[in-house]
Structure formats: C-alpha cells, structure tokens
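For reference, the chains in residue letters:
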Amino acid sequence: MIGRRFFVTLSRSPLLTDTHKTIVVTGVGVVSPYGIGLGCLQTGMLAGKSCLTPTKDLYPGFEGTVAQVHDSALQSEDFSTRYSRTDQLAVVATRDAMTSSDCDRSSFRESGVLMANTVGGLTEIDTGIAKDPAAWFRRPGRLLRGSSFPISHVADAVGEHFGIRGPRCAISVACASGAMSIALAANLLLDGAAPIILAGGSDPLCPFTLSGFNSLRALDPTPCRPFDQNRSGLNLGEGSAVLVLETLAGASARNAKVLAVLRGWAMTNDAFHTTAPHKEGSGLADCIKLSMEMAELTLDDIGYVNAHGTGTPLNDVAEANAYEIAFRGRKHPIPVSSTKSYFGHCLGAAGALEAAITIMGVRAGALLPTLRLTDPIDSSGVEWLRGEVKRQPLPLAMSASSGFGGSNTVLIFGSGLS
Amino acid sequence: MTPNLPPVTITGIGSVSPYGPLAGLIPQRALEPTAITAWTSVGPRRAFLVRPFRPASVVPGLKTRRLDRLSTWALVASSLALQNAGIDLSQVDKSRVAVVFATAFGCIELTEAFYLSAAANGWNGTDPSTFPETLASAPAGHVALFHGLRGPNITVSDKHFAGENALIQAASLIRHGQADITIVLAGDAMVQSLYSWYEVADLLSPACYNSDPLPDVCDSNAGFIPSEGVAALVMESPGRKASRENVRPGARSYARVGAGRWASGGQPAEVIRQMLGGSVPRLTIFSGNGAPCATSPTTAIAREISGDDAVIVSPQLFAQGLAGTGALFHLILALSSQVISGQALLLGTAADSGFAALPLELL
Chain A
0 MIGRRFFVTL
10 SRSPLLTDTH
20 KTIVVTGVGV
30 VSPYGIGLGC
40 LQTGMLAGKS
50 CLTPTKDLYP
60 GFEGTVAQVH
70 DSALQSEDFS
80 TRYSRTDQLA
90 VVATRDAMTS
100 SDCDRSSFRE
110 SGVLMANTVG
120 GLTEIDTGIA
130 KDPAAWFRRP
140 GRLLRGSSFP
150 ISHVADAVGE
160 HFGIRGPRCA
170 ISVACASGAM
180 SIALAANLLL
190 DGAAPIILAG
200 GSDPLCPFTL
210 SGFNSLRALD
220 PTPCRPFDQN
230 RSGLNLGEGS
240 AVLVLETLAG
250 ASARNAKVLA
260 VLRGWAMTND
270 AFHTTAPHKE
280 GSGLADCIKL
290 SMEMAELTLD
300 DIGYVNAHGT
310 GTPLNDVAEA
320 NAYEIAFRGR
330 KHPIPVSSTK
340 SYFGHCLGAA
350 GALEAAITIM
360 GVRAGALLPT
370 LRLTDPIDSS
380 GVEWLRGEVK
390 RQPLPLAMSA
400 SSGFGGSNTV
410 LIFGSGLS
Chain B
0 MTPNLPPVTI
10 TGIGSVSPYG
20 PLAGLIPQRA
30 LEPTAITAWT
40 SVGPRRAFLV
50 RPFRPASVVP
60 GLKTRRLDRL
70 STWALVASSL
80 ALQNAGIDLS
90 QVDKSRVAVV
100 FATAFGCIEL
110 TEAFYLSAAA
120 NGWNGTDPST
130 FPETLASAPA
140 GHVALFHGLR
150 GPNITVSDKH
160 FAGENALIQA
170 ASLIRHGQAD
180 ITIVLAGDAM
190 VQSLYSWYEV
200 ADLLSPACYN
210 SDPLPDVCDS
220 NAGFIPSEGV
230 AALVMESPGR
240 KASRENVRPG
250 ARSYARVGAG
260 RWASGGQPAE
270 VIRQMLGGSV
280 PRLTIFSGNG
290 APCATSPTTA
300 IAREISGDDA
310 VIVSPQLFAQ
320 GLAGTGALFH
330 LILALSSQVI
340 SGQALLLGTA
350 ADSGFAALPL
360 ELL
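Listed in order, the protein sequences are those of chains A and B.
Sequential numbering from 0 applies to the first sequence in numbering that gives the first Met the number 0.
Sequential numbering from 0 applies to the second sequence in numbering that gives the first Met the number 0.
Hint data in this document are derived by calculation from the structure and do not stem from the laboratory.
Incorrect hints may appear among the rest.
No farther apart than 20 Å at their CA atoms in a straight line, the calculated lysine to aspartate or glutamate pairs in the DMTMM-like style are these [to be verified]:
no.: 1; chain 1: A; residue 1: 55; chain 2: A; residue 2: 125
no.: 2; chain 1: A; residue 1: 288; chain 2: B; residue 2: 92
no.: 3; chain 1: A; residue 1: 130; chain 2: B; residue 2: 126
no.: 4; chain 1: A; residue 1: 288; chain 2: A; residue 2: 323
no.: 5; chain 1: A; residue 1: 256; chain 2: A; residue 2: 103
no.: 6; chain 1: B; residue 1: 93; chain 2: A; residue 2: 292
no.: 7; chain 1: A; residue 1: 389; chain 2: A; residue 2: 374
no.: 8; chain 1: A; residue 1: 288; chain 2: A; residue 2: 299
no.: 9; chain 1: A; residue 1: 20; chain 2: A; residue 2: 292
no.: 10; chain 1: A; residue 1: 330; chain 2: A; residue 2: 295
no.: 11; chain 1: A; residue 1: 55; chain 2: A; residue 2: 219
no.: 12; chain 1: A; residue 1: 48; chain 2: A; residue 2: 219
no.: 13; chain 1: A; residue 1: 330; chain 2: A; residue 2: 377
no.: 14; chain 1: A; residue 1: 130; chain 2: B; residue 2: 111
no.: 15; chain 1: B; residue 1: 93; chain 2: A; residue 2: 279
One chain only, chain B, in its complex shape:
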C-alpha cells in the first residue's frame, strides 16, 4: 500500500448492468450485445444494454417516475451495495456518509428529451420538470435524497478515468476525515445521439453492425461496443470497518484501496513506482476504456512495474464500452471472474499517455 496514507476498505458491491440488477459479485456468463430497436432505423446496431426492470421490485418503495435512467440505476445500485455491505443506515450518522459519482456524459437521456421539447415547442416551451434532471449531478443528488445522506456529494467527469478518479476522491474524503463511509458510483446510459456521435466519429467495433460471435480479446484498432450501466462500491474507513465487524462478524471486505494517482501524461511507470513506495504487486487488473489490450501500453507498463511474470486480468468488452466510467465494473468483474488475492494494481492507460493507477489489496 501507499506509504503514509492508510487504505480504505471496499465492503459492498451493487450494480445495474446487462447482467441485471445485482448485489455483490457478478455471476459469470457470456454476455452478448443487444440489438437496438428503440431508435435505429438504418439497419442492425448493437450495444451492451440494460434490460428494462421495475426498480421498486428490486428496492421496495423506490419511486423513479420522471427520473433519467442513469439516476434510477444509481439509486438501485447504491441500495444494492449498501445491502451487500450489511449497512443499516438507521444506525449510521448520515452526515458522515458521502456520495461520489463518476460519469462521462451525465443525464444524457433527459438532455436529449429537453432538446426534443425545445425542437417541438421552442426554447420558451420546455418542460420544467425535465430541466433539473438533465444535470450530470442529478443521480448523486437523488442517491443522497433517497438514503438521507448529508455528507459530501460529488460528481466527477473524465473521458478516460472518471471511475478511477471517483475511487481516488472517495478514498481521499475518508482519509481526510470528511466522511466515514463513501458510496462510489460510476456509469452512463446509452442514447441515440451518443450512439450516433460514436458512429459518425468511426469509433465503433464492426461487432456493432453484425451478429457475428464476439472476439475473445479486444482489438484496440477496431473500435468498441458501447455499454451502459452503473456500478456502486461502498468504501469505509479502517476504524469504522473494524468496529462494525464486532457487531456484524459476517460483513465481507473485498479489497483495501490505497491512494491512487492519475494523470493526463508524463511517465506512468515512474509515477506508479513512486506511488507504490517499494511494493511490487504481482497482479494487474486492467481498467480504462476502449484501447487497453494484450498488446497495448497497459501491458508494457504492468510488465515494467511487476516484471515479465506479472499476472494480468484482461479487460472485458462490456466494461470497456463504458467510456471513462468502466473502472468499477473492471474491478468487480475481475473479482467475480476468478479467485484472486494479495497486492494488486488497478491500471488504465489512454492513447495520449494518460493513465490511472490504484494500489489494491484483494481480500
């Protein structure tokens, strides 16, 4: 772990994804992209989409009318993560619970709807109930409101490393005594305008246009398959976790997270070595979006840090399709896919030499 900065513990996992709404790890099964039927009229298009479900059937009492799907998923995922962590919020000082939400595109579904209403009625005829729900911070606000959480409420965005950024900021809040528990969320929703943007920019994988079997490994030059969903992690301070174990011995810990680093350029290996303070993790879990593949710079950096025998958990196509917000899913899927433990590195890189790295101790 990073010297002088005590790690915080991940104690709960929740998610809403094409795997469905889930508390805890994600059971492994092959995931195929879904054919888009709602808005495409130009031929077959595919993406990893969340199947519609009734939020109140997963979280009793949850009302989501008028909310963007992203807000709805954040509410469900946060509830499932708290449930998985075994945290009874009625027993917690809610002013000490923070929310950190990462998104690349925010509430783009209702932003699109707001544009539609402006196109139909003019800018003077837009819907007042839609406007506040277009804000990127709306999902984090709803999570605070639903659970009554009065701690810091933060929304961050980064095209490559929003998820990693949220983990770093969340751990920082706990380390600086600004929260005891932080719910970290990361995700995005797919809509027509976003898919069209990807398509016109020629960023999509050929697999988006046909129903051929998916490749086993990603090809950094062949585009990606867009995804949607929200992952949630509960992070707790070491002291709080220890005191809670006295009350609830069965509470699980997934990993401890040290102080990470991210940057938009520079010398990743040098910065990461400095961050690790002499420890050499043998395991690297790839995060990032789109590009990191077996032959990518991520592998080279992992080998530079951990040696040629470093064990690498490859990224999964679904998590790569979440532009910038896939880190939490990369971590959850890695924990779900195999028995791994010990010192590890969550590592993502970008084509412009940007990187994000978090030291982990998998439990």
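Isolated chain A (complex conformation):
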C-alpha cells in the first residue's frame, strides 16, 4: 500500500516527469568512526553501536567524550604532504563515493566538487603561530602544511587528487554546511553547470573546535542525549560523506544505478541570534515547508525525519517546536530521531553524513532510534524514535540541519523511481 501511494506521489510531480529536472543520487561515500563505507556505517548503526568514547589526549587539559575516525581508515590513500586531516577525510569519502557509483573514473573528469567544512586546515596549525607567524611558516614543512588552512583547500584537494576539473568550491555555513553543499549542488545541476557533482562535507576533530565548543560550555562530558529532558550538550565527532549527484537524464543516459532521488531541498535563515536558534523553530519550520512544497508532498508523505538533534538545551526544544509547526495537521506524529547520538556532531560534515544515513534508512526500510533517549521532550506532534530500530517501508524521508548564524537546510530523499 505504501509502495503504491509512493508511486502515485512520484507520478504527480512535474519534477519527476522531466528527467532533466530530477536530481538523483548515484553514489554515496562515507568515512566515519565506524570505518569506510555506507555498509560499515549501516552495520554499526543498525546494531545500535555507539562510537562515543571518553578521551583525554586531544589537547592538554581536555577531558570529554568524542567519536574519532580510526587512523587505519586514512591509510588507504597516498596523500600529498599538503593535505590536512580535513582534506584526507574528504579524499577517502570521495573515493568511496566514486567506487559505490557504477561510473568509470573518466565520467568524473568534468564533475563539480562542492565540499563543506568549517575548520579547513587549522588542524595543521598550532598555537606557536600566534607570536611570530613569519617564523612559524619558515620552519621546515610548515609552509606546505600551513597552506592548507583556507576552507577552499578541501575542494581543491579532492579535485586535484582525482583529476577532476569541473567547478569546485567550499561551502561553509557552520553546522548546516554539509546539507547546504548538497542543496547548492542540486541548483547547479539544474543550471547545467556540470554533468555530475560530488557534494558533501568533511570536518575533523581538532583543538580549535573542541576548545571553542568547550569555551561555550556546549559539550556534554558524557555521551550526549539528544531530545532527552535531561540532555546537557553535544559531543563532537569527525568524518566525511560525499554524494554523487546528477540529473536523472544524465544517469539514465549511462544506465547508472539510482540509489535515491533528491525530491526536495530548501534553505532559510532564522535571523534571530548569532549562536542560538529561533525559540519557536520558525526558520526551520519554514525550511521544512519550502522543501515539501518543492517536492509537492503532503504532510503525511514524509515517513521519518533525521533531525539536527545536537543535544544542546536550546537546539532540541527549538527543533521540536519546528516539527510541531511544520507537521501540524498530520494524521500521525512525525517519527524523528537524532543520529548524532551514535557518533557525535561532525560540524561541517554532519549534514552530509546525515543525508547518507537518511538514504541508508530509505533504502533499508529502517528508522533508526536516538540512543540513550529515556525521557523525551514533550511534543505531541512528534514520535520520538527510541529503543529498537523500526523496520518498515520508508519511501520518503527528510534530513534537517541548522547552524550558528541561523542557517537551516532541509533535504528530502525518496527511495527510487520504481
């Protein structure tokens, strides 16, 4: 029955009747604390495995809970000495995305690269630069490694590593960056800017961001509890995810396997506060409505929302309010979970990783629960997923991202074309 309704939904959308205006996902690449690949991520998450662990060694004086990508995951590539850890994560995820698609390497030559991140190559720069930058850069190896600090370097590293010569740039919109790179890639594909775009995000753990979030008292020293009444902050993680995006016309022309359809996307801003979300979640609610308008969906069509769900007191209440507003009038509460409870908040990569997880859920028919959620926020319009994985057909699912500066991005993925 659900399958039939999905087919009806697909056929009424003009976006899907014009193959040049339908954006599809033909590859997904991931490097996460579970390892390399979507399969690895799926196995770990469906088993309910948390990668969050207590750590002391990330900088002197730091004690907290984080999720780290194991160094062995980064040993599969021959990296340039100019690559920062951010670059390395992005290169590994891109390789995985290219491998997961059935394109041969030459298909990617004219592709675009839109790579989100927030920290760039600051992973390679220590506090020694503060007193005398010129002396710091003159020390052996520093000029080369330090030159990776601009946020655009990640896109350049991916492009150069794989010999890709289409349009490339970095997107940096705090924690909404990864999702926004996918939304902007979709716009560019509709404009014909490139035949294929590799879009995603990459962000590593580093003293700069750990120190920043620590100074804001935003970190939960124990594993985070998104959407719980007793939540007390976020955990940072690291990783990268990259989607291979193209038009359905392009994918069909080479008989590519379609993993998912990007049915709708939207971007808004709260214009409320530099770090806090709008209390009522109005910016995110608007974003959800716009994405559903684009996809021409009704309130009941969405089967699951992969929430931003950081675990901070302000974010989770604002987000619950956004779902109440945006889905008011649904026949049943909207199922929502935060997968940051598995491997933390990966900042500029989070939206891309959560897009990959949403696609995984749609393809596997699996609604992942929020881990450690025992006493959820009161919200009559939301079904907080907790406990066991819920197995059911999931034709359409949404991924929501928000960030400092008030940016929101929502992506809607569908399971396929038949």
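For chain A, the structure is supplied; the task is to place chain B on it using the hints.
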C-alpha cells in the same frame, strides 16, 4: 545572454575598501598602498588597507563590538548596497531575501585572536565570545540578523573565483525561485599571519617593500599587493525589478547577469562559447586575482571569443590583491572607470587553466 536562463539584474552597489565606505560606483582616484604599522617590525611593508572608520556613522544604529572587521564591513557594505538600490526592507518579504557571501580566508582576524588566547591561556582558556565569530559564515549571518533576512544564507570559498562563484550561486537562487532579492558580498581582511604566509611563500610584489610608484599594468610574474575590503551587490529577479520601477522610477540598474560558468580546468573558450549561445560580447572585463595581465591567458581567451578587436577592461591592482574575492570589485571598478554598455563578459583565469566567466549586459 545565456539561452533558456533568464538574467537577473544588479540594482545596488555598496563597498568598504581603501576608497572608504561607499554607496554606488567608486569615484576614480589613484590608490596607493598603505604602510603597515600595526604589526610589522621587520621593515617597511605595504598593502591596500581599509582605513578605520566608525560604522555607526555610516549606518546609524549599527553595533559592531566584538565583531571581526570582515563582519563589520559586510554589514556596512550590504546596508550601502540596499540604500543604493532604493530598497526599503520594511516593504519587502524578508523570507525572500537571500545572502551569498564569498571569502577566501573567512574571519581570520578573530581566528588569529583565538590562537593568541590559546597561546596565552591554553586551549582550555579561550574566549567564548570570540569562537563563533571565527566562522567563515559569521559575516553572512550578521547581515541576515541585522537586516532580518530569512532567505537562504550561504558562504562560499574558492581560492581563485569565490566572487564569481557567489554571483553564479546568487543568480541561481533567483532563477530557481528560492529568492527574489539576493545580496551578494565578497571580500577578505588582511592580518599578520596571512601577510606572513604570502611573504614566506614569495608571492608578494616588490612594491610591498618600497614606496616606489606603482606600475601602470600588473606583471604576472612579479607578485601582487595584498588588499582588503568587502563589496556588495544587490541582485533582483526581472519581475521584481519591473514591479519596483512602477513605485520608484528612479531606481537604477547597473547590469543584467546571465548564468555563468566556472571550472578548475578544461577548455575555457569552448565552455564559454557554449555558455554564450552564439552571442559575441565585444567587451571583456578582467576579474580573477594576481595573474591576469595584458599578456596573460585571459587576453588570449577574450580574443578567441570576441576577436582581435575585443575591448578589454584591464584589472586594477587593488582588486587583484583580494585573493579569490576580487570579482565584485573588478566589476564595480570597471563600471566606475568609464562609460561602458552593451554585452560584456566578466572573465577570470588561473594559472592551472581554471576559469570563471559571466555573461553581462551593462545598462
């Protein structure tokens, strides 16, 4: 213009640069680099720097305490561009106004300050008010917050073509109905660590180290003079612009922008010809950073597309010093320097055969 993709219109200009904070075109005068006194102790160093000014004296009510200079300039430039466009935001649906900001280095001033605080106090002793302001997207966020703009809010970065990229993304938002008005901003600020990086990498012009007169044309092999500043353009959908003219007949249009292209390699002339769809602009405005000079590949591509009699507006040293974010200043300075109209191409190239091109109709 590009076939099948309707152009959008540039209706407002604002800027903060060594010329000062300005609404509209930039009055032409010779610009000399400024001696750096704040942090150099190793001899004379020069750059095109923004002179300090009181933001609230330009934009009444503007509070900029604790902000990076880049955020402050973005706020001032966006306000001046909206003023120049004659847009009263109280009469506009602010959920339909987007911001697209281009930067190469982001809020590097407060990033440097954050490192200083970590060096002095350890990573556990950093300043919480500084951290959010180190994000590259902070200026765009502040512009949205100050003006109450609830449309898409985007920050892009590209070492060569961030400005062109922002123009392309902004026009795309309007064409896809995701915004009616977009404020496009591009710029960077100069700090000690960035200048030191340029210096150690041997990228600077000899003119940075002496007070000799500047060359008339740039020399692609002799480095560049670093610059700072932020330019802002207001872009509107054709329908909105037309309806606004009924209310405000004096509203000016500077140019229409078609769908541009940028790439990191390939065959620029072939891609640009395809983009132009058969039209042949006689005028090329150079953008890009550092390298494009009279003898550079940019000229060759311009001649290949428009013929040997193509009119070329050469780049200005100040705009070349903005690594990757100079495109908006290249365009504004070209519009300011001479009376030009008709079909044109904004064109930048990079040494590795990357390029960015936007079709324009100058009004």
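Verification of the supplied hints:
Proposed proximity of residue 55/A and residue 125/A is supported: the alpha carbons are some 18 Å apart, at most 20 Å. Distance check on the hinted pair: residue 288/A and residue 92/B sit about 16 Å apart at the alpha-carbon level, within 20 Å; holds. The suggested pairing of residue 130/A with residue 126/B holds, with an alpha-carbon distance near 18 Å, which does not exceed 20 Å. Proximity of residue 288/A to residue 323/A is assessed by CA-CA distance (about 12 Å); at most 20 Å being required, the pair is judged to hold.
Simply put, residue 256/A and residue 103/A have alpha-carbon atoms about 13 Å apart, close enough for the 20 Å limit, and the pair holds. Of the supplied pair hints, the one linking residue 93/B and residue 292/A holds, its CA atoms being roughly 19 Å apart against a limit of 20 Å. With a C-alpha separation of about 19 Å, the suggested pair residue 389/A and residue 374/A falls inside the 20 Å cut-off, and the hint holds. Distance restraint check for residue 288/A and residue 299/A: the Cα-Cα separation of roughly 13 Å lies within the 20 Å cut-off, and the hinted pair is therefore satisfied.
The suggested pairing of residue 20/A with residue 292/A holds, with an alpha-carbon distance near 15 Å, which does not exceed 20 Å. In summary, the hint linking residue 330/A to residue 295/A is supported, as the alpha carbons are separated by about 18 Å, within the 20 Å threshold. Under the criterion of a C-alpha separation no larger than 20 Å, the hint pairing residue 55/A with residue 219/A is consistent with the structure, at around 14 Å. Between residue 48/A and residue 219/A the alpha-carbon distance is near 19 Å, which keeps this suggested pair within the 20 Å criterion.
Pair hint residue 330/A plus residue 377/A holds up; C-alpha atoms about 18 Å apart against a cutoff of 20 Å. Restraint check for residue 130/A and residue 111/B: satisfied, since their Cα atoms lie roughly 10 Å apart, inside the 20 Å limit. Straight-line distance between C-alpha atoms of residue 93/B and residue 279/A comes to about 18 Å, which keeps the hinted pair within the 20 Å bound.
The structure meets every hint from the earlier list without exception.
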